[in-house]
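Chains as they are written, first to last, in my numbering: chain A, 26 to 235; chain B, 5 to 200.
These are computed hints drawn from the structure, not numbers from a lab. Mixed in with the good hints, there may be bad ones.
What the hints assert, rightly or not - Straight-line C-alpha distance at most 35 Å; calculated DSBU-like pairs for lysine-lysine:
(1) Lys-61/B / Lys-124/A
(2) Lys-6/B / Lys-94/A
(3) Lys-50/B / Lys-64/A
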Amino acid sequence: MSNELSLGKLFKNGIFGENPVFRLALSLCPAVAVTSGVKNGFLMGVAVLFVMTMTNVTVSLLRNFINPKIRIPAYVFITATWVTVIDQVMSAYQRAVYKEMGLYIMLIVAFAIILSRAEMFASKNKLLPSFVDGVGMGVGFLLALVMLGIFREFLGKGSLWNVHILPAKPLLIMIMPTGGFFAMGLMMGWLNWIDRKFFGGTGGGGGGHH
Amino acid sequence: MKDIIKITMPLVLIFVAAGVIMAVTYKYTYPVRFQAEKQEKEEALKEMAPAATDPIKPAGTWTVNNKPYEYYQATAGGHPVAYIASTAGKGYSSFIQMLVSLTPDMKISEVKVLDMNETPGLGDQVLEKSFLDQFKGKGLSQIVLIKGETKENIQAISGATYSSRGVTNGVKDAVQTLVEKYGAGVRAAVAQGVTK
């Protein structure tokens, strides 16, 4: 990454230009698994935002200390450490939140998006840009999950954030894993279409290779 | 050889540092967590039997799914006001941990899910009040899961049949146990016109 990228641009990059779910197409598995409801998506997004920022900061600080040959185990272990710390602290001091989020926190260790940002960005950049990249990517992931959650919960259950809006369930399949893939594909397509039509972009999201 | 050490040492150092960080966190958070969990359990039991004035202590253990679970007799001034059992039922992807409380005449007064790991969005609908409230006031013979409209029995949630069955089985086993342990005594007492 070049130095001329301003921090604001970097932050926006995580949300729009390289949105983890819709553009980088990383961590799709958890994105499908937890977005059957807005609330689940939101809580997972918040947990990822925390871990992502912490991991990026740590990796950036240790970037000259970690030999490239052993970087993957080092990054995974740093992520696992932060996940464990957050899990334990939350289970002791934030019981109410932990009951809602506890299910998801431990899963984050294996998220592709965390490892990918450590590898692609934090290992090559200074502390502040890495921090901003972590926050931006985390917020981008959070927004993507919330969008998918709104779409799927409304169609699948006729409710939003567990509040019933429609009397019936219009399209039950949307909250099944199958529906998750439908929703993901449709939304990715829409966003690419909007990008091409109105912003003159190439609309080429969804690669996964980077 | 030198290279191996040069490459490995930082990794070992990271592992050790991470281990220390996790151990220290555990040391300071575990007591708080343990206390909070204990208190939550006591509060949950109290909620199951609001009429009880004496501390609710385990009366014994019973077995379901090859694991021991406790049951309790809640009393007020020495008289039983509720019977409670902790129980579990096998759902779709987890054992659904629950507390079940019975009134002295062996009807369900409350079912509370303590812990489960069912599919978010589908199986976790068993937590909803509309599903759990179906159990209230029902006796052992009525706890049968039905796919379709029912007032007499328990109506399964569409799309979450396995999870519904898990809850129903867990509750049924618990009620059966409590009826076996306490039901006879209650019947005898009623027959003799004495309150136990």
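We went through each hint and held it up to the structure:
Our distance criterion of 35 Å between C-alpha atoms is met by Lys-61/B and Lys-124/A, whose separation comes to about 25 Å. This hinted pair checks out: Lys-6/B and Lys-94/A have alpha carbons roughly 15 Å apart, not beyond 35 Å. For the proposed pair Lys-50/B and Lys-64/A, the alpha carbon gap of about 29 Å is at most 35 Å, so the pair holds.
Hint compliance for this structure: every hint is met.
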